[in-house]
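> Listed below are the residues making up each chain.
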Amino acid sequence: MTALLGALIGRLPIGWLQLIHSRTRLAAAMAGVAFANILVLVQLGIMGSLNNSILISYGLLNADIMISAENANTLTEGDNVARQRMFQALGVPGVQSAMPFYVATADWERADGTSTAFVTFGIDPEKGDYLDAGLAPFAPRLRLRDSAVVDRLARNMDASALETLGPDDPLRFEVRGVTLSAIDSFAAGGGFAGDGYMLVSDQTFHRIFPNRSTGAPDHILIKIAPDADPGVVLAALQAQFDGTGLRVRSFADAALEDQDYQTTERPTGLIFGFGVVIGVLVGIVIVYQILSTDVADHLAEYATFKAMGYGQSMFLGIVLEQAVILGILGFVPGIAVSWLLYEMLGAMTGLPVELTFATTAAVFVGTIIACLVSGAIATRRLAAADPADLF
Amino acid sequence: MNAPARNPALPAVAEVPAIRVAGLNHWFGEGEARKQALFDVDLTVRPGSLTVLMGPSGSGKTTVLTLMGCLREVQDGSVELLGHELNGAREADLVLYRRRLGFIFQAHNLHGSLTARQNVMMGLQVHGHRDEATQRKAAAHILGALGLGDRLDYLPGNLSGGQKQRVAVARALVGNPAVVFADEPTAALDKESGMTVVRMLKELGRQRGTTTMMVTHDNRILELADRIVTMEDGRTVKDTAP
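Each protein sequence line maps, in turn, to chains A and B. In terms of full-length UniProt numbering, the first sequence is residues 1 to 391. In terms of full-length UniProt numbering, the second sequence is residues 1 to 242.
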């Protein structure tokens with residue numbers, strides 16, 4: 001290791017030798033870096049799961065353009081859109097079809113006190129093409145009154161009981177006083193808006209939520225003709241609804257804006273973003289403490305090296321060498337523990353937490369940068385090494 | 001051994017005094033507390049000689065040593081080291097001059113995380129770090145000459161006081177310095193190793209023209225010195241050749 005580092009740096013790896021000479025300090029520094037890494041990674045993991053869960057909700061649907069109320073920042077929030085807007089939209093050239101989309105959350109409360117909050121999508125069973133290709137075959141089967149397709153990855157659910165569902169062997173359960181028959185299941189998973197998803201027909205939706213009017217869907221989904229230019233159709237729709245207080249966006253943009261809103265404007269997103277900042281600061285402070293103590297402990301040695309004719313750049317090199325080594329050594333246990341925590345978090349909450357390569361790489365680069373910043377601050381102590389004091 | 005890179009533009013060491021001090025004054029402290037430590041010191045040192053600085057503590061010998069060794073900024077007067085004026089020299093130049101010097105301190109000041117051999121190699125790497133194998137060999141050679149051939153890979157914490165001091169001597173001499181500054185180098189050494197060190201310095205003076213400036217009270221060394229300069233209260237009061 002010493003020889004390898006020596007070849008890499010082009011001199012004796014003094015920083016490394018100093019670090020391994022005081023093992024306690026090395027262990028403390030590694031633990032500090034690892035701790036900061038875990039803080040940051042867990043916050044990022046939860047934030048990533050927030051983003052993932054939003055993508056999953058949009059991924060259940062399949063549309064080109066979405067018309068929503070101005071204050072509908074997410075799929076489930078905001079005012080309704082008058083159904084007549086759909087007929088206006090259908091008059092715009094290039095619009096092939098449209099579907100009113102209803103969404104609300106329904107709790108399935110069980111006798112044992114547990115409950116599952118289903119984000120319930122009310123769709124037109126004749127328009128299965130508005131569902132993700134994997135879900136589209138369910139649409140015709142939803143025509144049967146009070147039938148539903150449920151999310152087997154939903155929280156507090158026994159997934160194994162849902163796997164054997166069939167038209168002849170449905171699972172009956174009661175939601176808001178309506179007895180539904182789960183005729184099949186799909187895999188989506190819970191998010192921050194609910195514990196899981198449930199698909200029903202628009203008719204069934206209104207039986208579950210009798211206070212909702214069929215004339216006021218939450219969003220209007222639109223598909224454009226295959227030969228139409230999406231940009232042109234979008235612009236035409238936007239012009240059509242200009243001044244009506246409606247948002248007309250491509251479906252992909254709506255998903256991105258939803259993510260942006262939830263991660264940067266909602267308290268949840270802000271809290272986790274703040275957690276990341278705190279993690280970085282904690283890491284910088286710990287590494288700074290360790291490095292500056294190490295510099296202070298070696299002032300006499302550094303002063304000797306100064307007397308021998310070593311320049312400032314060598315001392316900066318030693319401290320930065322230590323910073324990078326601490327970053328790398330701390331990152332390894334940090335990422336390992338974080339991976340375990342991700343697994344536990346995913347199992348406990350059902351949230352789609354995932355340790356991606358991009359996150360890992362970004363956190364590694366960030367760790368090295370943060371360590372270098374700490375090292376750069378710690379080098380200020382080097383000025384105290386005065387060779388004239390040695391005699 | 002790796003010789004230090006010498007600037008070809010410089011005159012050969014033998015043509016000019018190794019050190020020439022003229023009208024050197026030095027003060028410590030600021031304002032009211034400002035106190036003069038050196039008064040008009042003049043001293044010219046021949047290359048290859050061994051000069052001993054003597055005097056009671058506080059007489060200014062260490063101050064003279066640090067000024068000549070580029071470790072302190074010259075305030076007033078002239079210090080010429082190997083033909084370079086140190087008064088007003090830039091820090092970057094002082095760093096370069098220091099690479100041609102060897103320092104042996106009263107405390108060994110070894111780096112506790114480096115082995116004996118690695119500590120000595122630090123004296124070579126200041127001149128560049130190519131050819132590590134040669135540097136390892138050179139370090140082993142000089143440690144062997146100082147009787148530490150079987151302690152090459154020991155950390156200073158596992159060496160006795162005398163052994164540590166000999167490693168420090170090896171580190172100062174391995175780079176083949178033009179001038180060696182030593183402050184009580186034999187204080188931590190037994191009689192025999194002390195004499196080994198001094199004889200080594202004398203030998204380097206004869207063979208390579210290495211100049212030695214030494215602060216010491218050790219009578220055994222005085223006999224080997226080419227010149228003895230005595231200081232009192234910041235002035236040179238006696239200058240003799242034994």
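To be clear, the hints were calculated from the coordinates, so they are not data collected in a lab. Computed from a predicted structure; not experimentally measured. Beta carbons are placed, not taken as given, at the ideal position from N, Cα and C, and that holds for glycine. Be a bit skeptical, because a hint or two may be false.
To be verified - Beyond 12 Å from chain A on every Cβ pair, some chain B residues (computed):
| id | residue |
| --- | --- |
| 1 | 44 |
| 2 | 66 |
| 3 | 181 |
Unchecked claim - Covered by chain B, according to a simulated footprint, are these stretches of chain A (three or more residues, beta-carbon under 8 Å):
| id | stretch |
| --- | --- |
| 4 | 3-12 |
| 5 | 292-304 |
| 6 | 307-316 |
| 7 | 381-390 |
> Take the hints in turn and mark each one as holding or not.
Here's how the hints hold up against the structure:
With a least CB separation of 22 Å from chain A, residue 44(B) remains clear of the 12 Å interface cut-off, as annotated. Distance check on residue 66(B): its Cβ comes as close as 5 Å (rounded) to a Cβ of chain A, failing to clear the 12 Å threshold; non-interface status is violated. Interface exclusion of residue 181(B) from chain A breaks down, the closest Cβ pair being 8 Å apart, not more than 12 Å. Only when three residues or more bring their CB closer than 8 Å to a CB of chain B does the claim for the stretch 3-12 of chain A stand; here the count is 4, and the claim holds.
Three residues within the 8 Å Cβ limit are the bar, and the stretch 292-304 of chain A against chain B gives 5, so the coverage statement holds. Residue count for the stretch 307-316 of chain A with a Cβ under 8 Å from a Cβ of chain B: 5. That meets the three needed, and the coverage hint holds. By the rule of at least three residues with a Cβ nearer than 8 Å to a Cβ of chain B, the coverage given for the stretch 381-390 of chain A holds, with 3 such residues.
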